[in-house]
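J.: Next come the chains, spelled out residue by residue.
There are 2 protein chains.
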Amino acid sequence: MSSVYVKDIGEFGLIESIAYWIRRGTEVSDEEPHDLQLSIGDDAAVWRADKALNVWTTDTMVAGIHFSLSFADWSSVGWKIIAVNMSDIAAMGATANYALVTLGLPEDTLVQDVEQLYIGMTDISNQEGIRIIGGDLVKSPVLFVTVSLIGTAQESVLMRSAAKDGDLVVTSGFPGLSAAGLRILSDGRQINSEYGTLLADAHLRPQARTTLGKSLLTSGVRAAIDTSDGLIADLKKLCSASQVAATIDWSLVPVHPALPILFPDDWSSLILNGGEEYELIFTATAPVLERLLSESSEKLNVIGQIIAGDPGAVTVTNSSFGEIDLTHTGWDHFLQ
Amino acid sequence: MSSVYVKDIGEFGLIESIAYWIRRGTEVSDEEPHDLQLSIGDDAAVWRADKALNVWTTDTMVAGIHFSLSFADWSSVGWKIIAVNMSDIAAMGATANYALVTLGLPEDTLVQDVEQLYIGMTDISNQEGIRIIGGDLVKSPVLFVTVSLIGTAQESVLMRSAAKDGDLVVTSGFPGLSAAGLRILSDGRQINSEYGTLLADAHLRPQARTTLGKSLLTSGVRAAIDTSDGLIADLKKLCSASQVAATIDWSLVPVHPALPILFPDDWSSLILNGGEEYELIFTATAPVLERLLSESSEKLNVIGQIIAGDPGAVTVTNSSFGEIDLTHTGWDHFLQ
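Chains L and Z, in that order, are what the protein sequence lines are.
Just so we're aligned, residue 0 is where the first sequence starts under numbering that gives the first Met the number 0, counting upward by one.
Just so we're aligned, residue 0 is where the second sequence starts under numbering that gives the first Met the number 0, counting upward by one.
Hint data in this document are derived by calculation from the structure and do not stem from the laboratory.
A hint or two may mislead.
Any copy will do: because identical chains look the same in the list, a pair fits if it lies in one copy or spans two.
Claimed, not checked - The list that follows gives simulated cross-link-like pairs (lysine-lysine, BS3-like), each with its CA atoms no further than 27 Å apart:
| no. | residue 1 | residue 2 |
| --- | --- | --- |
| 1 | Lys298 | Lys236 |
| 2 | Lys163 | Lys50 |
| 3 | Lys138 | Lys50 |
| 4 | Lys6 | Lys236 |
Taking the hints into account, I'd like the entire structure generated from these sequences.
T.: Dropping the structure here:
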């Protein structure tokens, strides 16, 4: 098959192809969550919505900055940009409904690569119950993908600013897997065990904690953030917004066995500073957490406590090193 | 004053500055159109919305492709990216409420330039009654700005697909001014008359036809599109979506006197193929148009008629040349 580039079919040819790929890839459920009136093909997308809290986010990935096509396939890039946005909606305890997709494309982009991008996007959109209903297509010297997601919540949302002195600090999942996956992928390291796939998937095809976000809200949790910048960095943001401090007990932080095995020198840095993870950190009183744990099957670990103190200050207590204040030093310095 | 670059203050320093520029630049009205709950500073923006038709769009401008900083100042780029999005909302007859702004910035971008960008954005946002409530900030080798706008309509919207055989074709404003302004700016041509400013402003600081869009809807107009790709190109899109054809009477097309004076060789091409204009083309029956004209003070010109025919075919009748079918030839070929 000869190669067909974006410049060969032009903007309007590509829009038609994209509309087809979305139609083909979208599993339409019998009951639409909302009444979609206009999708791709008019000046704007339109749907009839009930009275609700609207929750709206946007995230962008730029080639060479947020991903590398030398080890990320196009379908994974499509998956991940939706997952990243979904994670913001999950961190609010909300439900996402619709997406707009903007592509900045070099004119020598292969049309089949754009198709793969949409396969990744529609795969995760089906899983998450969202629909791509529009966007924009622009020529650009560098590839970038911007997604905007909109959703709704009924009564209230999880906020960064709602943590209270005395709350327990809880995280979902295992921190550090995505950063470890990135390290393996960018080093071209071959891992002949299930760990290789696990870590690569954690980086390339993350899962947003959509169900957990909603469970948090119904259980009475009020404060949450996703760990897109890493465990410590995002906990600092949550503490800063809530005007509180936090102390983390290092012995309580969940450690995936792959990390010390594959990264004996700096596995703890991967865990604390990883980033590009889409787990949730939240804070809750003990009774609220008990209620949540009795109803949820998610992997959750209490790792510390919210305390009164310098807003945004996060301290990690380590039985080997004593108490280390990360506020000013930054965790990297500590590890060197 | 020494130069401060984005890389000097970092992502979080820049987010704080942006939040300040938006607060400083936003004229808060006494009555918020909706109940804004969370703006910049959480994982997503949140507002309480009533039952309504939601109208949602996004548009992107890339440096070197959609604008050149060699003649566009940063404040104009900020103004224009909001205007371009507003025009999509105007073409639906809707009201815009909120904006998300994504910036892709090279790390050697001057902080004061980003400030100018936000001054342009908040200036037009105040004029249009919208608020910037979030966005994303990413490092990128090329500067780009993506805006997403959301708004509402009460009963219905203007659609590309609603033109009917027999409708009159109407356009607002003077087509070609923006393309003429771009020509002057990129040629560095000095125009020592009011025309120079008029044309440069038409290109750099366009006005979306927000009020007109709403008047169309209340007068009973059903079909409209904005002229972001040019008069003929966008009329073709409207006809294609409506499964009709159109005939334009060249003698009815409004000609701004600046164009034949400053561009004696190809002023008619600027008018028909200009692009980057944000006027509205709409179609209406004679009684609907009469009602609209009795209520509206906008400059409106009937330029032709919707007819049955090859979907998307647009014909321009010119007393000098006879009838020219633009469907397959494209207007550029005709003019050469």
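J.: If a hint holds in the structure, say so; if it doesn't, say that too.
T.: Hint check:
Within a single copy, Lys298 and Lys236 get their C-alpha atoms as close as 23 Å, which meets the 27 Å cut-off; across copies the closest is 52 Å, which misses it. With identical chains, the CA atoms of Lys163 and Lys50 are never at most 27 Å apart, being 30 Å at best within one copy and 34 Å at best between copies. Taking CA atoms no more than 27 Å apart as the test, Lys138 paired with Lys50 passes in neither setting, with 38 Å inside one copy and 37 Å between copies. Proximity of Lys6 and Lys236 under a CA criterion of 27 Å is satisfied inter-copy only: 20 Å between copies versus 43 Å inside one chain copy.
Hints 2 and 3 from the list above are not met by this structure, while the remaining hints are.
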